[in-house]
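Participant: Residue strings, one per chain:
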Amino acid sequence: MTRTGAFPSRAFPWLLAGLFFSLAAIGLIVPLAVGVLWSLVNPRAGWFPPNLVPPSLSLANWRAMFSVPEMGDAAIASFTIAPIVTVLCAALALPTGYALGRRPVPFRRAIEFLVLAPIIMPGIVIATGLGSVFIRIGLEHTVLGVVLVQTVVVLPFMIRIVTATFEAVPQDLIDAARNLGAGPLSTAWRVLIPLVVPGLFAGGVFTFIGSMEEFVLTFIVGSPDVRTLPVLLFAYLGGRSQIFTYAAVVTIVLLAPTIMFLFLAERALKQEYLAAGLGKM
Amino acid sequence: MAQVELRGVAKAYGTTAAVRDVHLEARDGEFLTILGPSGCGKTTTLRIIAGLLDPDAGEVLIDGRPVHHLPAHRRETAMVFQSYALFPHMTVAENVGFGLRMRRVPADERRARVAEALAMVELDGLGDRYPRALSGGQQQRVAVARAVVTRPKVLLFDEPLSNLDAKLRERLRLELRTLQQRLRITTVYVTHDQAEALVLSDRIVVMDRGRVVEVGAPQDVYRRPRARVTAEFLGIANLIEATVAGAQGGRYVADTPMGRLEMACDDRLASGDAVTLSFRPEDIRIGTGGVNCLTGTVQQAAYLGSITDYVISVKDVRLRVQEPGEPAHRIGETVSLVLPEGPAVIREQ
Amino acid sequence: MTEVLPASPALDISRLAARRRRDNWINLLLLAPGVGFLALFLVIPLAQVFLRSVGLAAVGQASRFTWEYYRQFWTEPQYRDGFFFSLWLGVASTLISLATALLFSALMQIRFPGRLLVSVLYKIPLVVPSLVAAFLILSLIGPGGILARLVFHWGWAWPRLVYDRWGWGVILVLVWHNVPFMMVIISAVMASIPLDILDAARNLGASPWAVFRCVTVPLSLSGISAATLLVFIQVFGAFAVPSLLESAYPTALPVIMQMEMMDHANWALASALGAVLTVASGLILFLYYRLVQGRGAGVR
Numbered sequence: 001m002t003r004t005g006a007f008p009s010r011a012f013p014w015l016l017a018g019l020f021f022s023l024a025a026i027g028l029i030v031p032l033a034v035g036v037l038w039s040l041v042n043p044r045a046g047w048f049p050p051n052l053v054p055p056s057l058s059l060a061n062w063r064a065m066f067s068v069p070e071m072g073d074a075a076i077a078s079f080t081i082a083p084i085v086t087v088l089c090a091a092l093a094l095p096t097g098y099a100l101g102r103r104p105v106p107f108r109r110a111i112e113f114l115v116l117a118p119i120i121m122p123g124i125v126i127a128t129g130l131g132s133v134f135i136r137i138g139l140e141h142t143v144l145g146v147v148l149v150q151t152v153v154v155l156p157f158m159i160r161i162v163t164a165t166f167e168a169v170p171q172d173l174i175d176a177a178r179n180l181g182a183g184p185l186s187t188a189w190r191v192l193i194p195l196v197v198p199g200l201f202a203g204g205v206f207t208f209i210g211s212m213e214e215f216v217l218t219f220i221v222g223s224p225d226v227r228t229l230p231v232l233l234f235a236y237l238g239g240r241s242q243i244f245t246y247a248a249v250v251t252i253v254l255l256a257p258t259i260m261f262l263f264l265a266e267r268a269l270k271q272e273y274l275a276a277g278l279g280k281m
Numbered sequence: 001m002a003q004v005e006l007r008g009v010a011k012a013y014g015t016t017a018a019v020r021d022v023h024l025e026a027r028d029g030e031f032l033t034i035l036g037p038s039g040c041g042k043t044t045t046l047r048i049i050a051g052l053l054d055p056d057a058g059e060v061l062i063d064g065r066p067v068h069h070l071p072a073h074r075r076e077t078a079m080v081f082q083s084y085a086l087f088p089h090m091t092v093a094e095n096v097g098f099g100l101r102m103r104r105v106p107a108d109e110r111r112a113r114v115a116e117a118l119a120m121v122e123l124d125g126l127g128d129r130y131p132r133a134l135s136g137g138q139q140q141r142v143a144v145a146r147a148v149v150t151r152p153k154v155l156l157f158d159e160p161l162s163n164l165d166a167k168l169r170e171r172l173r174l175e176l177r178t179l180q181q182r183l184r185i186t187t188v189y190v191t192h193d194q195a196e197a198l199v200l201s202d203r204i205v206v207m208d209r210g211r212v213v214e215v216g217a218p219q220d221v222y223r224r225p226r227a228r229v230t231a232e233f234l235g236i237a238n239l240i241e242a243t244v245a246g247a248q249g250g251r252y253v254a255d256t257p258m259g260r261l262e263m264a265c266d267d268r269l270a271s272g273d274a275v276t277l278s279f280r281p282e283d284i285r286i287g288t289g290g291v292n293c294l295t296g297t298v299q300q301a302a303y304l305g306s307i308t309d310y311v312i313s314v315k316d317v318r319l320r321v322q323e324p325g326e327p328a329h330r331i332g333e334t335v336s337l338v339l340p341e342g343p344a345v346i347r348e349q
Numbered sequence: 001m002t003e004v005l006p007a008s009p010a011l012d013i014s015r016l017a018a019r020r021r022r023d024n025w026i027n028l029l030l031l032a033p034g035v036g037f038l039a040l041f042l043v044i045p046l047a048q049v050f051l052r053s054v055g056l057a058a059v060g061q062a063s064r065f066t067w068e069y070y071r072q073f074w075t076e077p078q079y080r081d082g083f084f085f086s087l088w089l090g091v092a093s094t095l096i097s098l099a100t101a102l103l104f105s106a107l108m109q110i111r112f113p114g115r116l117l118v119s120v121l122y123k124i125p126l127v128v129p130s131l132v133a134a135f136l137i138l139s140l141i142g143p144g145g146i147l148a149r150l151v152f153h154w155g156w157a158w159p160r161l162v163y164d165r166w167g168w169g170v171i172l173v174l175v176w177h178n179v180p181f182m183m184v185i186i187s188a189v190m191a192s193i194p195l196d197i198l199d200a201a202r203n204l205g206a207s208p209w210a211v212f213r214c215v216t217v218p219l220s221l222s223g224i225s226a227a228t229l230l231v232f233i234q235v236f237g238a239f240a241v242p243s244l245l246e247s248a249y250p251t252a253l254p255v256i257m258q259m260e261m262m263d264h265a266n267w268a269l270a271s272a273l274g275a276v277l278t279v280a281s282g283l284i285l286f287l288y289y290r291l292v293q294g295r296g297a298g299v300r
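Respectively, the protein sequence lines represent chains A, B and C.
Reading the first sequence from the start, the letters are residues 1 to 281 in my numbering.
Reading the second sequence from the start, the letters are residues 1 to 349 in my numbering.
Reading the third sequence from the start, the letters are residues 1 to 300 in my numbering.
If we strip away everything but chain A, and leave its shape as in the complex, we get (with noise of 0.2 Å):
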């Protein structure tokens, strides 16, 4: 429906229209512009002020993400622990959700004060704590440690994102099924598991783009022998050595795959699995 007559001119739609999309432009496609011509940048010419842009341009920033061995096992680290932490904190949060969401549990709110405090307590705080403890059992530096490390702070997402999608699932479509004839299995795979699908695909997302972003655990825990792409970022950017070229590269690297992940999931996530995942604590 249209709302009537309740601003002084029609042309407020066009103006806030205006308003945003130059916000955007600022804030988005212009960083955005500047990060990718910093990766285009000749290294020979540099990029110094006064120049507004780039004096020549080429892809040896690029290439040297095959040639420079650092950056090629960043984001070989990156690309590979993120699937692993996804399918870990699947695996631990399937039980947990469907617990959770659909069981009377004792203790609910301590447990559920428990699955929140990853992401309220500083991931400094946590990694202070780990960093030694895995230095004791040797954990440190090593890819199960980094694994570890980021299924802490990114499985309370999927753990809540799991038990909103088991709690959504209308209590009436199991009673069918079992008034049908169903068994409790059969139940479980023919009815429930292909309703809580799509949240564990938002999960999922969530979780792939958390683990792609994690940088102070994995700093702590990993560097120097394990780097992911944020932390080798990190390194660019910086103390003495500044090299905005590398961090560029490394920057579009890391975000390309997450703008198409939120792009897809933006048509297959359904708004309420975020809400009521985030919203109500």
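Worth flagging that the hints you see were computed from the coordinates, not collected in a lab.
There is no bait here: all hints are sound.
Computed spacing ranges between beta-carbons, pair by pair: (1) B:Y13 <-> A:A91: 44 to 50 Å; (2) B:K167 <-> A:L173: 32 to 38 Å; (3) A:V87 <-> B:G39: 49 to 55 Å; (4) C:L116 <-> A:F107: 40 to 46 Å; (5) B:A57 <-> A:P83: 55 to 61 Å; (6) C:A32 <-> A:F48: 57 to 63 Å; (7) C:G155 <-> A:I76: 44 to 50 Å.
So these bits of chain C aren't anywhere near chain A, every CB distance computed over 10 Å: (8) R15; (9) R19; (10) V54; (11) Q61; (12) A62; (13) T75; (14) P77; (15) L87; (16) W156; (17) A157; (18) D164; (19) I193; (20) P218; (21) H264; (22) L287.
Quick reminder that beta carbons are idealized off the backbone N, C-alpha and C, glycines included.
Starting from the known structure of chain A, fit chains B and C onto it as the hints suggest.
Facilitator: Only chains B and C this time, still in chain A's reference frame:
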């Protein structure tokens, strides 16, 4: 205390026309009901009066002055919603006082008027409760109080009783009528329940598929519908196609699939006119002795407590007939029917 | 004639108990993987942090109970200032993000051309890691950034926005990152308000601003407070962005912790600082729950 007029109002959603060329008038202090099946455009019309929707064409006038350029919050209309739309985060008193707060009425006067409004709907003392602690009927009354307390020029009701059970509905509609008569605020009431329309209204506007079909007082609209839709929608109607065979001084003879019938009619009909006759089931008598006597077979008999509803077939026509009391005739029985001489005559195509 | 039902048999207590025991076993089995994992990898490290902060379970030296490290935190200016700097970052970022997100969420409820596209675009910063955001914003507003170069062309000087004492560069990046996050939550909550209620408010004389103030915001409070809490705690404990964009002094507490851990191997002090961070965050969480409980009676 105002007159509402709609001239040529139209509104479409995409390619579907919800409301087409609607001309409507509610007189000062009148209780006007817009009646029609779902999808007929009655709620759209109401929301256009309230300013919650913009018409594509036409004018809305209150007291003769155009208001369709005024935004919703500046028109002096107050609406009671089907869902009541009470603010869940405010108490009953705060809900009722909201309109007054928006009009910057000082707090003391606001408190007094809220108390007065609550007393009017018999909810005194419940001011501090939250809407979720009230029953459906009580919530509905809060919605009414909230609307009337602002002393609007026009009161609008969007099927306010449809979420309540039958007994409550009956009781509340009488209360609504009494309230309106006391306050004499021009009221436009939308419903699909024809009993409500008949009980509450000074006049009924029948709408169908976006158009105004007929306007009239309850009795006129029920006894002498001028359109098929009206006859079908208000109560049960036996609609019989007929061709006028002869006419003489106010009395006519018509050929119907059931046979030849005699009737009296106010309008002037000529031989050869094609009309539809509308007979109310309660007007058809099972028995003998009358001008229009027919024989039929009982197909169904439904016992409804105070009356029995029969379906009786005469030749190929199935008639609904209602007789008071318990079923007196069995299925398959042959009975004699007497049709009244004054059915409604509908002259449209 | 209606039938009369026979009396029900006595309850079988032992069967109920057996069923309850079985239920508990199943619950345990189901919850063990997820909850067990978190308990292990969260509770134990947390315990370690608190233990080490008072000198026990020491790494690389003898353990003995002491408040030494807390005292260090409070008396030495760099640590104390670091705490307040992190607090400042949290408050400033959260307030600015909240105001912006509220305004934008409200505006997004209105239909305007291109709204669908905007609703996808504004979510992009959500998937941009804060590190990347730091880089992108740095290349935009940093001392050698594109805007500085643009402004230089016209003969003006570009203000110092990063590596500054108040951390405005850090705050800007964090706001850029968190406004979409808040918007997602707040928009969802705002959109769930029944349209009838908004119509009723307008019908009763509320201007669009009054509708926003008196109806939309109060009914969105659960989402708003949840979003605010999450953002504050995240910013308060943020490491990456402050590390990259802050000035040499003051530094945010998490950055100090990392330096103590990795450069000085001073696990005990880092743990003390971590404990302070955790307790402060916990306190805020506690206050939040108290506020929400108090308000809970009025909303839904």
